[in-house]
Every structure is written in structure tokens, then in C-alpha cells.
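Participant: If you want the building blocks of each chain, they are given just below.
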Amino acid sequence: MYELFAPAMLGVCCRYAPTKEEAEDIMIEGFASVFSSLSSFRHESSLPVWIRGIMVKTAINTFRAHKKFLMHDEISEAQNMQTTSSTGGDILTKLEAQQVLALVQEMPEDWRIIFNLRIMEEYSFKEIAEELGRNENTIRVYFQRARAWLLNKINEQEQ
Amino acid sequence: MKNIKDILSTYEVEPSAGCWDKLSHRLDMAAAQAPAEPSSAAAGTSAGKGSALLHSVGAKVAAAVAGAFITGGVVALAILLPKTADTPQNEPISTPVVQEVSDTLAETPALTAVAVENDNKPAATSQVEPTIPVAETPTNITSTVSSSENDNPAPAQKSATVTATPIQPAVTPRTIQPALSSNNTLSQMPLPNTSIYSQNIQDDPVLQKMPEDAIDWTPPTKVEIPNVFTPNGDGINDHFVIKGIENCEKRQLEVRNQSGNVVFRSSHYENEWNGDNCPDGTYRFQLIYSSHNISQTLTGTVTIIRK
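First to last, the protein sequences are chains A and B. Each residue of the first sequence is one higher than the one before, counting from 1 in my numbering. Each residue of the second sequence is one higher than the one before, counting from 1001 in my numbering.
Derived from the structure by calculation, the hints contain no laboratory data. A hint or two may mislead.
What the hints assert, rightly or not - Cross-link-like lysine-lysine pairs, in silico, PhoX-like; alpha carbons within 20 Å at most:
# : chain 1 : residue 1 : chain 2 : residue 2
1 : B       : LYS1222   : B       : LYS1243
2 : A       : LYS57     : A       : LYS20
3 : B       : LYS1250   : B       : LYS1222
4 : A       : LYS94     : A       : LYS153
5 : A       : LYS153    : B       : LYS1005
6 : A       : LYS57     : B       : LYS1005
7 : B       : LYS1022   : A       : LYS20
8 : A       : LYS94     : B       : LYS1005
9 : A       : LYS126    : A       : LYS57
In this text the structure is predicted, and so the values were computed from the model without any measurement.
Work out the full structure, taking the sequences as your base and the hints as a guide.
Facilitator: Spelled out as C-alpha cells, the structure:
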């Protein structure tokens, strides 16, 4: 099972971690959870979806462990920001997966995880706020910034 | 231009060489701490990979793991399917992706019924079971194999005192691996190592009790279900066509929308559903089909796009 899913799952973990080594650590930990909770898998979803979910959760836990003391609530700043409606529009690009991934890995860790949860796993801002234990507005602000930064970088690369 | 989500979703990369060892080590450590079922055979595993954990967690794991292996060819495609079964709107949908994801739903429950004994699902998937009981020879899963022909729920009650033994399924995937690269369905996968069956029938109390033909298995029923269709009158994929359904005696299809309401139902599906009165979107289907008197249920999602 490991051999079957590892490449794809490592692909998932790579977008959460800044380097391949850290991504592998997340993946290994994820698989350890997979194997130990395999017996309680109740098939509410298909096997690969379940495994991927575990990878994402492992990535979130890793993030939480790293970021216990950082990431301040920026409530006042968030109130000043106009929360525009373009919080989740699709980004289109000609870039290849490798290039996009490199940009994602370049992001600061906070941005990266919010970006991933929002765009790739399609969590709502509320859900992301709950998972990360932060204020929802803070999440929105960070996501806006991450998205703007990424769009900028993509445009640069596409020139 | 492609959607950033789709670009990243398909990204795959081989893990570096040390990963499996680290993982295996972790599993062994976890197994050492877990309250173990008598794992007297721990020393004797041929596979050795993560085997200690498999022992202590018991047959449930082995069954599910083996299930994943056997259905490997099917599942390989599933990784690439986005979670919400989106399809890009800006590409012409002329070749629907074959959706075999849900096969795992059908197969693994039958396997876990062997070991977990909670479900009353009949041992429907004959193609998978023979591997398990044979591998764990000194156990009482006799009824599982023979009943796969009779479709009775006995295996669900059989006490799965599946004490750990050399778990053969851990070895078989090595042979199944080559089949994963192409667009495979189950029936194209190489059979599990059938030489196991012929060895030592005399010494094996389990094999002794099995009727000669119980070990034979017919190739699994193969159906291919698209995950999208486009009823827009262009003559291409205007209907929800399930390939292989013609070979099935029973074919009940039920489709529901996101709210759970039934939008289509047929007790003898003839690939006629055209999504009438169903707006574009994703629906859930349940297909109960049977062939050779073996009934299987598949569930999954299908998306209607008319653009």
C-alpha cells in the first residue's frame, strides 16, 4: 500500500512543507497513522481519499507544533482591510506543477498552509480558523496576501 | 491555462530511498508498544516489512491492506481524481475518466467482514478472498472461501481468531506492482501467486476441508463507470453509460442529488439515463449488479456537464 500511494501522497505533503525532506517526514508520519488506524477505517470515503485526509491532518499538526508561538491575531488590521469578495477565485496559469510547487514552498509557512487548505482541500475560512486556532479574519487577510503574492510571482515567471 | 488546483493535484514524486525504512521502523516501534495478540510467529515473516505492526493489529489490517493491494490497479487512478470530483469547465469533455474508485468500497467491506465480523455483508467478492484465508493458514476462516460461492453471511459470524502468521499478502503486491502503470481494471491484473494453493494440501488443516473447486475463482465482473457525462445532444456521452453492464443479470441503479433526493432509478439499467430534469452538477449513484450470481454494490459520484 505504501508503494502504491507514496508518490502521490508525497506530492501532497510537498505542498505543505518547504523542502522535500520535511515533506517526507510528514508523509512518513502520515503513513504511520494510516497503518495504525487502518482497522478503524469505516469506508465513509474511498481509501485514497481517506489516506490523503490523514496526510493533510498530519501536515496541519506539524504546522501547529511549529507555530505555537507565532502568528499574532491581527484583529484591528483585519477590520481595516476591505474583505473583498475575491477571496477564493481560481488562479489560472501556464506554469508547470514543479514551478507552482516551488512558489508555494517559497511562501511563509502561515500563508502556505492557509493557501493549501483553502485552494487544494477547499476548506472554508471558518474551518481553517478552527483547525489553526486563529481568528477567521486573520485567516482571510493572510489568504488575500498569499494569493496576491502568488499571482504576482506567477506573472513574473510567465513573462 | 490551467487551474492552479488541478496543476498541483496531479503532482507526484518518488520518495527517497530511506523513507520506507524510517516508516517501517516507526511501525515496528508502534507495534512493540501496542498490546499484542500472541504474535508468536513474529519471527517467521517472510515479508518483514512493517510486519510487526501487521501482526499486532491482526487480520483486520492484513485484510484491508491486502484488499488495497488487490485493488491496486483500480485505485491507482483514484489518486488523481480531485476530492470533489470537479472537472475543468474549459476543456471539452469528450473522454470521461473511467471511474473505478468505488470498487474499493465494494471490495474492502467484504474483506473486513472476514476479520471484523461486524458486518453482515455476504462474501460477495470472490476474486479477493482466496488470498486471505490461504495466507493465514492455521486459522478458522474455512467457511469464508467456500461460502463465497454460496453467498451466505456465515463469514461474518465466524470468529476471526486470526492469529498472526506469515502474512502472504504482504508479498504478493510485489508481483502486482507492474500492472499499476497502465489504465488497468481488475481483470487485467496478474493473478495472485497461485502456487500457494497447491502446496502442502495434505498438511494444511484448512485447505483439507475445502472442496477442490473452492479455490478456483472466476475472473471478477468488470464494469466501467464514467464519472462524468454530457447530455447536451452532441451525440458524445449523452447518456450515463456503464460499460460491462450488459453482462450482468442484475443491474439496479439509483442516482441521488446532493440533497439526497432520488433523481433516477432503474431496476434493470440499460444505460438509458440522460440526466433529464437534472441540472449540471455532481450526483451520487449506487449500482447493484450481479454476475455469476455474485452481487456487488458500487457507489460513487457522477457529474453532469452540459456546457
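Participant: With reference to the structure, classify each hint as holding or not holding.
Facilitator: Hints and how they fare:
no.: 1; hint: B/LYS1222 <-> B/LYS1243; result: holds, 8 Å
no.: 2; hint: A/LYS57 <-> A/LYS20; result: holds, 18 Å
no.: 3; hint: B/LYS1250 <-> B/LYS1222; result: holds, 14 Å
no.: 4; hint: A/LYS94 <-> A/LYS153; result: holds, 13 Å
no.: 5; hint: A/LYS153 <-> B/LYS1005; result: holds, 16 Å
no.: 6; hint: A/LYS57 <-> B/LYS1005; result: holds, 19 Å
no.: 7; hint: B/LYS1022 <-> A/LYS20; result: holds, 15 Å
no.: 8; hint: A/LYS94 <-> B/LYS1005; result: holds, 12 Å
no.: 9; hint: A/LYS126 <-> A/LYS57; result: holds, 16 Å
Hint check: no violations occur; every hint is consistent with the structure.
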